[in-house]
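Q: Residues per chain, in single letters:
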Amino acid sequence: MMDFLTSRAFKGTVFALLMVGLIVLPFFLRPFGLLLIAMWMVHAVAALGLNLTLGYAGQISMAQGAFVGIGAYCTGLMTLAGVPYPIAFLCSGVLCFGIGWILGYPALRVQHHYLAFVTLAFSTLVFLIMRNEEWLTNGIYGLTDIPRPILFGWNTGKAQDFYFFTLLMTSILAFCVWWIIRSPWGRAFVALRENPVRALSLGVDTRRYTLMAFAMGSSIGGFAGALYAPLVQFFEPNSFSLTLSLKLLLMVIVGGAGTFFGPFIGAATEVLLPEWLRIAQGYYLIIYAMLVMILMMFCPTGIIGLGERFISHLRQKKISSERSAQAEAMGQDKAGNNGGAGQ
Amino acid sequence: MDTEHTTVLALDNIVAGYGAMTILNGTTFKVRRATITTVIGPNGAGKSTVFKTIFGMLKARAGTITFDGTDITNTTPRHLLACGICYVPQGRNIFPELTVRHNLELGGFAAPSSINIDERIEAAMVRFPILRQKADAQASTLSGGQQKLLEIARGLLLDPKLILIDEPSIGLSPLMVQETFDILKNLRAKGVTILMVEQNAKSALQISDDGLVLELGRTRMAETAETLLNDPRVGQLFLGGAMEPTAA
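Taken in order, these protein sequences are the chains called A and B. Per my numbering, residue 1027 is the first one in the first sequence, and the count goes up by one each step. Per my numbering, residue 173 is the first one in the second sequence, and the count goes up by one each step.
No lab work stands behind these hints, which were simulated from the structure alone. Some hints here could point you the wrong way.
What the hints assert, rightly or not - Straight-line C-alpha distance at most 20 Å; calculated DMTMM-like pairs for lysine to aspartate or glutamate:
1) B:K333 with B:D308
2) B:K306 with A:E1348
3) B:K202 with B:D243
4) B:K362 with B:D240
5) B:K333 with B:D240
6) A:K1344 with B:D308
7) A:K1273 with A:E1301
8) B:K306 with B:E339
9) B:K374 with B:E339
10) B:K231 with A:E1348
11) A:K1037 with B:D308
12) A:K1343 with A:E1354
13) B:K306 with A:E1334
14) B:K202 with B:E351
15) B:K306 with B:E294
Said to hold, decoys possible - Computed beta-carbon distance windows for the label pairs:
16) A:A1035 with B:K374: 48 to 58 Å
17) B:N185 with A:R1335: 50 to 60 Å
18) B:D290 with A:S1033: 22 to 32 Å
19) B:S312 with A:E1348: 17 to 27 Å
20) A:L1151 with B:T236: 40 to 50 Å
Stated by the list, open to error - Just so you have them, the derived chain B footprint on chain A, three or more residues with Cβ under 8 Å:
21) 1209-1222
22) 1228-1237
For each residue, glycine too, the CB sits at the ideal point set by N, CA and C.
Just need the whole structure built from these sequences, with the hints factored in.
A: Quick look at the structure:
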């Protein structure tokens, strides 16, 4: 069973079923359901970006929500001004890449909770700009009537069409992140997280990779924002306040930081779970908070980590039963003086 | 020192330190090609700092470092790896959460594109079969000695000409220390130069050609290893002081 659970075939099957589900599901859902799943995907993309910065490269950032905001405003403002969506989409990513790169500089000097505070301050700064620079952002009134794109004659205006568009873009972005993680880049990020000095002694330019970790993670956040804008079609500064950054952080941690699928699971708990827990009404947040606390106490590596622990438990059971069988086979005469030896 | 070997690494009046603290006060020494040279000295003498400075991880404020006739003062670790210098820092240097294979791949990170890393990894696994056996296991599941092997195999991936190895014996069983030293001797036979810092000074000097005594960031003595082993002053200071009379 254990071999099956870790096998490529099993993972492939789960992945394929999930994709088929996401393609078939919209034909059975009402627009609200579609919006919800699309929201899940957009949040998952943003969390994927943060996972790159935090989970893989080990650089804590409390500013991912701000990057989603920058991306959303960039795409919203540009498409409202008549710029074609693909250009606005790319600009959101590039802009966030640049700003993320600059935000990476403090990370070269400070780490851990100090870095958290620096990024927190940045998050607040972005929020204040969104709220106060009315000439650009329309202040507290936010942006309204953001158009949904028409791509190669495909009008994504209807809920179902836009759902498929989100699914397509999410798949492309997720594939990019997956590719980065598997490339030497991903390896260098993990080396950076685990021990910067060791990484440096192997020739990893830790300075450049720290900046890159921020820039790449932020730019994925910007792309998430570029998807978010036409999805909701209306937003205001509060959509991207510190709460969003904290939620994204929670998604990464709860899902399993440093694992590829962690952010998807984390985003599901954050976006879909509230809907399922609706019957609990006001108690929802209490239930959710308790679940998170219990998870963190017993499995700090998140939901994915929980699964991994289960598999490793099965593996240990198998090995120890093999060992005792081996010990049995060693015979009676050796058992007396050799019982506890070996490793 | 004799002249049949040429100098591969030379430090000339190196000054370096951390912040306002100066650790190396004009360190000067030479390392001969295809030798094992051990650096000894009391705590705080600057032994590890010398390595960090050679490897470009700490900026030299003054002085020059020459490797194979070219000036390498204050270049990047990546460049030095490409030049053929490898640095194995103190302690455990594997990435415990990565697999053994991924650890090895990181050893080829600074490799120029002309080098086929997969082939090199394959060769390393032929040389150290345990690494192939455990290739897809997390490196944290290796025993201490196996981790050291992995580290050495990773360091050798780029075929270095000079290995800087800091305290290779720390935390290893006597058997494993012997194995590590045997690997170093083998490398020397192949023409690789090894510069090592070792707490276990006596056994390190026994396999070394040359020895350097560092004190307060300066070279106090640069002799053959044999001379140092027989020098009563060195014996008293760094080798436990009980070498001659009550050697066990």
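Q: For each hint, tell me whether it holds in the structure or not.
A: Status of the hints after comparison with the structure:
| no. | hint | result |
| --- | --- | --- |
| 1 | B:K333 with B:D308 | violated (29 Å) |
| 2 | B:K306 with A:E1348 | holds (18 Å) |
| 3 | B:K202 with B:D243 | holds (14 Å) |
| 4 | B:K362 with B:D240 | holds (17 Å) |
| 5 | B:K333 with B:D240 | holds (10 Å) |
| 6 | A:K1344 with B:D308 | holds (18 Å) |
| 7 | A:K1273 with A:E1301 | holds (16 Å) |
| 8 | B:K306 with B:E339 | violated (25 Å) |
| 9 | B:K374 with B:E339 | holds (13 Å) |
| 10 | B:K231 with A:E1348 | violated (54 Å) |
| 11 | A:K1037 with B:D308 | holds (17 Å) |
| 12 | A:K1343 with A:E1354 | holds (16 Å) |
| 13 | B:K306 with A:E1334 | holds (19 Å) |
| 14 | B:K202 with B:E351 | violated (27 Å) |
| 15 | B:K306 with B:E294 | holds (13 Å) |
| 16 | A:A1035 with B:K374: 48 to 58 Å | holds (56 Å) |
| 17 | B:N185 with A:R1335: 50 to 60 Å | holds (56 Å) |
| 18 | B:D290 with A:S1033: 22 to 32 Å | holds (24 Å) |
| 19 | B:S312 with A:E1348: 17 to 27 Å | holds (21 Å) |
| 20 | A:L1151 with B:T236: 40 to 50 Å | holds (46 Å) |
| 21 | 1209-1222 | holds (count 7) |
| 22 | 1228-1237 | holds (count 4) |
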